[in-house]
Amino acid sequence: MALVEARGLTKVFRRPQKDPGLRGALKHLVQRRFKDFRAVDGIDLSIEAGEAVAYVGPNGAGKSTTIKLLTGILVPTKGTVAVDGHQPHVERIVNARNIGVLFGQRTQLWWDLPVRESLALLRDMYSLSPTFYKQRLERLDDVLGLGELMPVLARKLSLGQRMRADLAAALLHQPKIVYLDEPTIGLDISVKDRVRQFLRELRADGTTLMLTTHDLGDIEDVCERIVIIDEGRKIFDGPLKEMKDQFARVRRMHLQLASSVPLAQVAAVLPETEVAQGDGPHSVTITFDRFTHTAGQIVSAVLQVTEVGELHLDEPAIEDVVRKVYAGELLRESV
Amino acid sequence: MRVYFRILGAHLRSTLEYEADFAIMVVAGLLFQLLNLVFLSAIFAQVPHINGWTYAECVLVAGMYGIIAGLSPLFFEGMWSISWRINKGELDYPLIRPAPVAAQVIGSRIGLHGVGDLIVGGSMAGWAVTQVSVSWTPLTVAIGLLLFVSAAAIHLSFVTIFNLASFWIPGPHPFLAITMHNIEDMVRYPLTIYGQGLRLAFTVLVPFAFVTFFPLVWLLGKPFAWAGLLTPVVALWSVWLARFTFRRGLLRYESSGH
Amino acid sequence: MRAYKRLFLISARNVFAYRMSALVSWIGSGAFLIASFAIWKALLGDGSIGGYDWPSMKAYLIISWATMQLGGAGLEWRMADRILWGEVATDLTKPVDYQKARFAEYLGSLTLELIAITIGVSLVAMLTGGFAAPKQPLLFFASMLLVIPLKFMFMYLACMLCFWTSNYMGVAWAKNALIMLFSGGLIPLSLLPTWLATPAAVLPFASVTAAPAIVYLGQAGLEVVVVQAFWVILLWFTARLLWRVALRALTVHGG
Chain A
1 MALVEARGLT KVFRRPQKDP GLRGALKHLV QRRFKDFRAV DGIDLSIEAG EAVAYVGPNG
61 AGKSTTIKLL TGILVPTKGT VAVDGHQPHV ERIVNARNIG VLFGQRTQLW WDLPVRESLA
121 LLRDMYSLSP TFYKQRLERL DDVLGLGELM PVLARKLSLG QRMRADLAAA LLHQPKIVYL
181 DEPTIGLDIS VKDRVRQFLR ELRADGTTLM LTTHDLGDIE DVCERIVIID EGRKIFDGPL
241 KEMKDQFARV RRMHLQLASS VPLAQVAAVL PETEVAQGDG PHSVTITFDR FTHTAGQIVS
301 AVLQVTEVGE LHLDEPAIED VVRKVYAGEL LRESV
Chain B
1 MRVYFRILGA HLRSTLEYEA DFAIMVVAGL LFQLLNLVFL SAIFAQVPHI NGWTYAECVL
61 VAGMYGIIAG LSPLFFEGMW SISWRINKGE LDYPLIRPAP VAAQVIGSRI GLHGVGDLIV
121 GGSMAGWAVT QVSVSWTPLT VAIGLLLFVS AAAIHLSFVT IFNLASFWIP GPHPFLAITM
181 HNIEDMVRYP LTIYGQGLRL AFTVLVPFAF VTFFPLVWLL GKPFAWAGLL TPVVALWSVW
241 LARFTFRRGL LRYESSGH
Chain C
1 MRAYKRLFLI SARNVFAYRM SALVSWIGSG AFLIASFAIW KALLGDGSIG GYDWPSMKAY
61 LIISWATMQL GGAGLEWRMA DRILWGEVAT DLTKPVDYQK ARFAEYLGSL TLELIAITIG
121 VSLVAMLTGG FAAPKQPLLF FASMLLVIPL KFMFMYLACM LCFWTSNYMG VAWAKNALIM
181 LFSGGLIPLS LLPTWLATPA AVLPFASVTA APAIVYLGQA GLEVVVVQAF WVILLWFTAR
241 LLWRVALRAL TVHGG
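Protein sequence lines correspond, in order, to chains A, B and C. The first sequence lines up with residues 1 to 335 when you count with my numbering. The second sequence lines up with residues 1 to 258 when you count with my numbering. The third sequence lines up with residues 1 to 255 when you count with my numbering.
Excised from the complex, chain A in its bound form (with noise of 0.2 Å):
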């Protein structure tokens, strides 16, 4: 049986119909209308113990309900879920000892406590030996550099320091899974390194990882299997590899040109790519497939017909994958 095992998990959200103002207000007293809402609609997942899996998907198409749901802050409408064999909702606090869970967008230090007074709470609240509690903040130290943050004030952290304080919070119990809620959102480029090497080196111990994210990078860094919803339901399920092949082939590159060339012969020499004007009055933007070029071919083939001054490469964005898998799974559906 999988760690994590979810069987047609639907959440609904009853959202009342309010028109604005103190009219609507009273009008709404007399005549209560609601709107359903399903947030997420009949997921099925699984994931094996030592997975890393990334849970992504467009604003609002479900991804903390579907976390809220697996770590029992939320009871689901329907379906089942099942963590280490038990029910999160039910049997809320043998799972909590199970599970770390990091929200990026919001701290779980008590905000008017020194940090090292919120994870001795967190110590005393896990019941966590002090020789086992003292090994742990050795490893987290090292790896997040907790000691200059551990007489500080929760609300007085950088959004960065914060982050990696949280970090610690969260995993301070060792826990066997561990949910991110958008672990980097925010965060400068040196912080983001950090906050990734680190869940690389989680997953090395063998922890069990599930992220929400916007940013690829965390994913590509981090997990070998994506799950994208949209509109609370499950669109790919599968190894992050087949995910780029299948739905991520065409990169784009911006490139700015020493002397004015005709397009015409930028295109001739890279033929099977899509050559057109740029920005600029030298600029030039190149669409090619991954898997038919590389990007230093793209620019050795540039440099045979003129100089080359500055360039650049779009990666493409998580939600353009997003839409063209949910693009091509219509299409599937249509066949």
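Hints listed in this document are in silico derivations from the structure and should not be mistaken for laboratory results. All values derive from a computational prediction rather than experimental measurement. Glycine included, each C-beta is placed from N, C-alpha and C at the ideal position. Treat the hints with caution; some may be incorrect.
Claimed, not checked - Derived DMTMM-like pairs (lysine to aspartate or glutamate); straight-line CA-CA distance at most 25 Å:
#, chain 1, residue 1, chain 2, residue 2
1, A, K156, B, D185
2, B, K88, A, E231
3, B, K88, C, D46
What the hints assert, rightly or not - Chain A side only, calculated, beta carbon under 8 Å to chain B, not exhaustive:
#, residue
4, F34
5, G72
6, I73
7, L74
8, T77
9, I93
10, Q108
11, D112
12, L128
Following the hints, put chains B and C in place on chain A, whose structure we already have.
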């Protein structure tokens, strides 16, 4: 319980760091309780008793209410944060930790004005207890303590229940709880001064009468003294209702965002 | 002048956004009013205490309730937050006088309250069989008018303490308790023991509740209204002075 005291203790330490605020809060609490005493002293300078209740007896009512009302900011202040938590999805983290959600929420704040309430309420009740005519036996003391604990439990349960209403009534402020708290303030006087409708409502509908009035009616041997002995039963019912409401509320919890 | 008018109007409209907290405060003070009525009814019966019989005590209690409710729309908390969160710095860059601007907002927030107070008073009058008629209607009206700026001065001065504290709640409570005790809101001042009646007589708080009430009941005349006016002027300029001191504290803090 252990978790609750750990959280509360940590917050106490952080709150004490703002010394000026601490002093002002305690003084404010003291002043408000003293108001009750001044009022009672002033009117009893004019009349010997109200509806058969003497000065000392009225001071005992007000003092007992002061103590109980003071317990709630000191030990239950976090409950007042629940409507904000429900609204902002701030119950997510308490729900994923292996400790009771209630303990984590209740311990998350501390209101030091309760110290002022406790000091004045305690002194008033302490003085009044020596003045009223009660024949103290070990049994009266034991039952008295039981009734006091029950009364406090009733108060705290209803603070909880009215704050939990936020699971059903959306909005970031505990308006119902504040309103009910203001209404509960009416029990700082002996209930006999109110009309029948109010007395009935405070007994049956929302048992605020058991927070001060009925336990003291028993202690002082007034008419309906037996009703005071129902206080522990009402307390059990209130605690059960609070727990039940909490459980039902958590099932409805929707967090925030999707 | 146009700027102040605008602030007045915005604040008058904003009152509706805080209708729930206003409602809560009215219900709360309603409970307080019921408790006061009940205890005084039990105390007085058909007799009288300290010159107050039941009809005059009813008038006293309702006037005291009305003056307590005035300015309770939560404006003081927003004023305090502005100082606590440092938004006051942006206010300083605007070409309006800070104190006058806040006063304009305060006046704007009164619109809904005056309606509510009128409803409350009529309701109580109906339910309890009316009160004694005012002995000096015109003077009473003048006295009530003066309560409006006085209530503002108290909350404005209290808010200014936020330059030195990190939280307004304690200050607000201490202020409310002091007003309650020394204004006559708790009990008519003539019934207080002398050690409290003496300070009450020299403090400004009596002007806010006791003054209109005793004018209504004909226990005092023009002299009380003059004292009220005196306090309005004195407190207005005290606030200006305190504001200047506070600004110096602010610049020291901000570095």
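Checking each numbered hint in turn, tell me which of them this model violates, lowest number first. Violated hints (numbers, rising): 1, 3, 4, 8, 12; every other hint is consistent with the structure.
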